[in-house]
Each structure stands twice: as C-alpha cells, then as structure tokens.
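J.: Taken in order, these protein sequences are the chains called A and B. Heads up: the first sequence begins at 1 in our numbering, then just goes up one per residue. Heads up: the second sequence begins at 1 in our numbering, then just goes up one per residue.
Please keep in mind that the hints were generated in silico from the structure rather than gathered at the bench. Hints are supplied without guarantee of correctness; some may be wrong.
A pair holds if it fits inside one copy or across any two, identical chains being indistinguishable in the list.
Here are the computed lysine to any residue pairs in the SDA-like style, where the Cα-Cα straight-line distance is at most 20 angstroms [what the hints assert, rightly or not]: (1) Lys203 - Pro314; (2) Lys21 - Gly307; (3) Lys240 - Asp260; (4) Lys26 - Gly133; (5) Lys159 - Asp294; (6) Lys58 - Glu96; (7) Lys106 - Glu312; (8) Lys21 - Ala325; (9) Lys106 - Val297; (10) Lys318 - Glu284; (11) Lys3 - Ala325; (12) Lys318 - Glu300; (13) Lys3 - Glu284; (14) Lys21 - Glu228; (15) Lys58 - Arg132; (16) Lys199 - Phe61; (17) Lys121 - Ala147; (18) Lys21 - Asp232; (19) Lys121 - Asp183; (20) Lys21 - Glu312; (21) Lys26 - Asp232; (22) Lys58 - Leu7; (23) Lys58 - Gly133; (24) Lys191 - Gly64; (25) Lys21 - Ser322; (26) Lys121 - Val25; (27) Lys26 - Glu228.
Protein chains: 2
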Amino acid sequence: MGKIISLAHGDGGELSHRLIKDVFVKIFGNNEESLFDASVVDIPGSLAAVTTDSFVIKPIFFPGGSIGKLAVAGTVNDLAVSGAIPLYITCGFVIEEGFPISDLKKIAEDMAEEACKAGVKIVAGDTKVVERGSADGVYINTTGIGAYSRSFGNRLSFKEGDAVIVTGTIGDHGIAVLAARGDLGINVPVKSDCASLNKMLDKVYQNSEGVQIVRDPTRGGVATALVELAEDFSLDILIKEELLPVKDQVHGMCDLIGYDPLYLANEGKAILIVSADEKENILEILTCFPEGKDSVVIGEVTGTEKGRLLLETPLGSKRLLSRLAGTMLPRIC
Amino acid sequence: MGKIISLAHGDGGELSHRLIKDVFVKIFGNNEESLFDASVVDIPGSLAAVTTDSFVIKPIFFPGGSIGKLAVAGTVNDLAVSGAIPLYITCGFVIEEGFPISDLKKIAEDMAEEACKAGVKIVAGDTKVVERGSADGVYINTTGIGAYSRSFGNRLSFKEGDAVIVTGTIGDHGIAVLAARGDLGINVPVKSDCASLNKMLDKVYQNSEGVQIVRDPTRGGVATALVELAEDFSLDILIKEELLPVKDQVHGMCDLIGYDPLYLANEGKAILIVSADEKENILEILTCFPEGKDSVVIGEVTGTEKGRLLLETPLGSKRLLSRLAGTMLPRIC
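Excised from the complex, chain A in its bound form (with noise of 0.2 angstroms):
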C-alpha cells in the first residue's frame, strides 16, 4: 500500500480498495467492507436527530486529542446537546496526496476509541484523495444520527432566575490548540478538554426535568453560545465574570496575547440553563464524571424579553456581549 497517501488512493480502484480494507474496516473493527453503497441502521422510535460537521483542524494532532477524537466527539456532542441519544456516525475524509498512511492510522484509531467510548459505531465513510497543495494534510466530515428522545427549548419554559451552568473551565481547547501551533514560542501546560459528552448529559436527563436547554460552546465560545441562545429565545442572560471558571495557564495566555477565554473554543463543555430549583441537582450529577466535575453556576436568566447577553465585571460594572465579530482564532475545530 505504500507510506504515503497517492492519488490513486482516493480514484475508486485497487488502491483505494486497499485503504478501506486495511485501513478503516481493520480499525474500525468491521469486519468487511460493506456490499453496499450506504449501510443499514436500526433507529427506534421513528424521530432521529442529524448533525453534520467538517473538521479542518490546525495541527491535526494537539495535546488532548487529535483531528480523529474531535471529529467523533464533536458530532456526538451536537447530537447530545440537542436531547438525543447518538448512536451512528459517519466520516468523510479529504486528503492530501503524499500524507503520512501512519497518521491516517492513528487518526482512526483516535476515531474508534472515542466512538468506543461514546458508545456510537461509525456506519459509513468515504475517501476522497486531493493533489499535493489543494488541502492542509486530512479534513474529516463526520455526520451524526441519533435518536430523538427529548424536546428542549420551550420559549414559554424559561423563567427569571433559570442557572446558566457551565461544565468545567473555559478556553482550554482554544488556548492547547494555538499552543500546538508553535507560533507563541513558549510552551503551555494546556491540554484540550477535546471529550464527549453524551453519557454525561444523558445522566442529567434522565434524573432531572429542569434542563431548558443545552449548548455546547465551541467555536465562538461561551459568549457567542450564550448570545445565540439570548437571541433565540428572547433571554436576559447575566453572567458574572468572578464565577467564569478559567484555568491559571489559560487566563496568563490571554492576557498575554489579548484574548477573551469567552470567545475561546471549547470542545469538551456543555452550557445547561436550567430551572432554579433544580440547579443543586444537576451540579450534583455533572460534577460525578470527570469530564463535568468542575461544573458550576456563572449567572442567571434575569428576563424573558430582550434577548440580550450582560457581563458583570467584579467591580459590579455592566458590559453587552456580543457574538464573536472577526477572526478571533482560524481553523480551531
């Protein structure tokens, strides 16, 4: 099969017939190439939820978790978030003549283990090889599908004194992401919080009815997520910047290169609005897993009109936020 990945990998023949077989179907642990051209899933109940998600990260492997593990988690958490069960995922991969087989083995491996742990089997893929200079490396699709089990987001739900939960501190993949990139020159102790999300959330779910609704705030970060869910449901949201949970190693980067961990991505945190009297509960359950346990409240619903995000600084000042405007942080998922 070679060292490096040729053209005619990726043009339908003997070749690409190879990769699928040696590569993806051996790690993937199916255990022969499908006959078909799509593959058959069982979906109960008649509601399935779809995501669908490119991944073009810069470098394809970081501290954390690689273009693999994040291709997989990504798509798991969109499906999570939304109230499904993820159960099938699909990858599409893009790549570049002349990269690494070695690499693409261990990005689909990265893939299988973070499926494996997700609990989701990857259905279908598809390879598609580009001439040297016309991609950076790999980019992955993958596509989720799960089943619907839950409907979130009832404008009329939402009450003055909902909790914004986040699950853990923020920026971390954002700030381990550029790092990688060797541009700031010095190293910095941060790993990707790069996880899924699903089994975590699906806990919450199952042992609580004041979830009004999730995000999970990835590129954009949590201010955007937050303006977005502000905007969608006419929300008043406060959030205090003395709660922001923020790593020591992140915030020194920040105010070193001017970046606002708000607007940093995150790829292993959810943001939960949930009912007052039941924000006890819901900490209590996120913060037994590991990927939740830094979980805590940054602010409140303060009304159901303007749909406006507000920071409070320690000083008690107020600030608007906004979306993110502008390229904060390119190629960061």
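With chain A fixed as given, assemble chain B onto it according to the hints.
T.: Chain B alone, transformed into the frame defined by chain A:
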C-alpha cells in the same frame, strides 16, 4: 457580507451567522436557522439507510452540472441503488478563503434544485473556512439518510442467465469533466450525465421482483463496479464490447487520449443485475424515464462460482477485466 469568503466566515461568530442565514438558509428554503445543533427528522419504519460522500471535483462547474448538483445526486444515488428511499441530506462545506460568494450561492442553488427534483430535504449543514492555498475552492460532503425498504443481493438468488443492464451511455461524466478542465485544448460537446436516479429506480422496485442488485458506476467506472459485484457475490459476469452504449464523441476522445470508457466515471447511471425473465419488463420501465432512455442489456451472469468479469470483443475473444489500477483521472467527483 462582502463578495468573497474570509476566514471570519468560518469562525462561528457574526459573519458565519450571516453567511448561513443569507446563503444557505435562504436558498435551502428553511425558514429559520435551526435553533438546535441537530435537526430532527422523521424516519418511517425503524430501519434507515445511511451513506456519506465527499466531493472534490475539479472544476466545480462543468457542462451538465456542478459540484452542488453532483453532491446531492451522488448521495441520492448511493441510497437509491441500495434499495432505500432517499429522504434527507446533510451538507458540510470546506471553503477556501477568497472563494466568491456568488459561486457559493450558485452551488447552493444547484443543491436546492437537485434536492427538490429528487424529493429529498437538506436538513443540516456546516461551514468551515481554510486559508488561501489550503483547499481548492470548495469541497462538499453530503451524507444521506433514507428509509430502508428493500433488501438486495442474496448470494443464492443470483442465477446463470441473469441479465446485466446499464441505464445509458457510459463515460459521459468523465469525458465532460476532463474537457471542462481545458487541458485537452479542444472543445468536446459532451455533457456530464449527473442526475438523481431514485425516482426511476423506485419505479423499477415497485413494479418488478426481478432486481438482484443495483450499483452506480461512479469512480472506477462500469468495469470496477462489475468487478466488485463479481467478487462480492462470486459471480462470473460476461459483458460484450459491442453492446456497450458509448457516445461517438466519448469513443473518439477515448481513442485520442488512451482512456477506456469502461473505467470512466458516470454520475447518472446505474447497473442492474436482473433475472432473465424480468429483463424486458425492467427495460421497458427504465426507458420511459429520460435518465434511462438508452438502457440496454450489456451482458449476463454466466456462473456463480469464480467471481470474475470477462469482456467479449466483437471478434469473440475474451479478456479478464480487473478494477481500475492507478489513477486514470483524479478529482472526478
């Protein structure tokens, strides 16, 4: 929004939001950006067929289609040839910085039009932007979900005498795309056959019990698709060169540049293996559709043991065919 794609269109902030709203949501005909990270879809029955495909075709616009039309039709066809009824499509875009937004709109319009023709809904999307030089314009992944309605390809059901049908002229897509690249320096009046085949195939499935299996001969062409069928089901297949439907212009081009139409990609053709007593009935149905008007029998199953594909020349000699080996034509889909 500007006239070209910038990195900020992919960072999940304000510009991403506007791109999704002003281009994709508008053109794909959904009333509002989904409030959730996943879309909820209805799947009749509990079995679904799933397929994924990335498209890296060059050039992105070509006679008879575009990367957008191809991405929808290609995924629809993967479902249809598997016996499923295509219902939903997701799309993931990886776009190069500097890509014209007008071109992105044309591509989205082509996708919407083809989805409408095929009767599928585009239910989820994702946009990533990479720096100039890190992609070649735009790559699209489409993942398709369909209701699984019919099981094909029982090894025991194949019989000597089963007919091999191709639903029209072969190699049109390969030659059209090659010519559109301008490398040949001559104008070739051949259009890609790019089309969704699900309605035609569904009509066949509804009206005949004689279909043994169906494949779409895309990358690798008719020969590779038939070799795969032969190997997968241990079939001996004999096709006759004189029966192959090839347009004069395609024939001429192949002679000129040394390509074999049997290995050229098709994007609007299906190969059906059908029982001998149903072949006339099935041909009658196929030829009623514009996409199938040139359908013909090109050969037959001569045994169910060896798993090989033979080509009989007009002079009566027989030649063993193998999968496409090495790259004939990269980035054809």
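J.: Please name the hints from earlier in the document that this structure breaks, with their numbers sorted from lowest to highest.
T.: Checked against the structure, the hints that fail are numbers 1, 4, 5, 7, 9, 10, 13, 16, 19 and 20, while the rest are satisfied.
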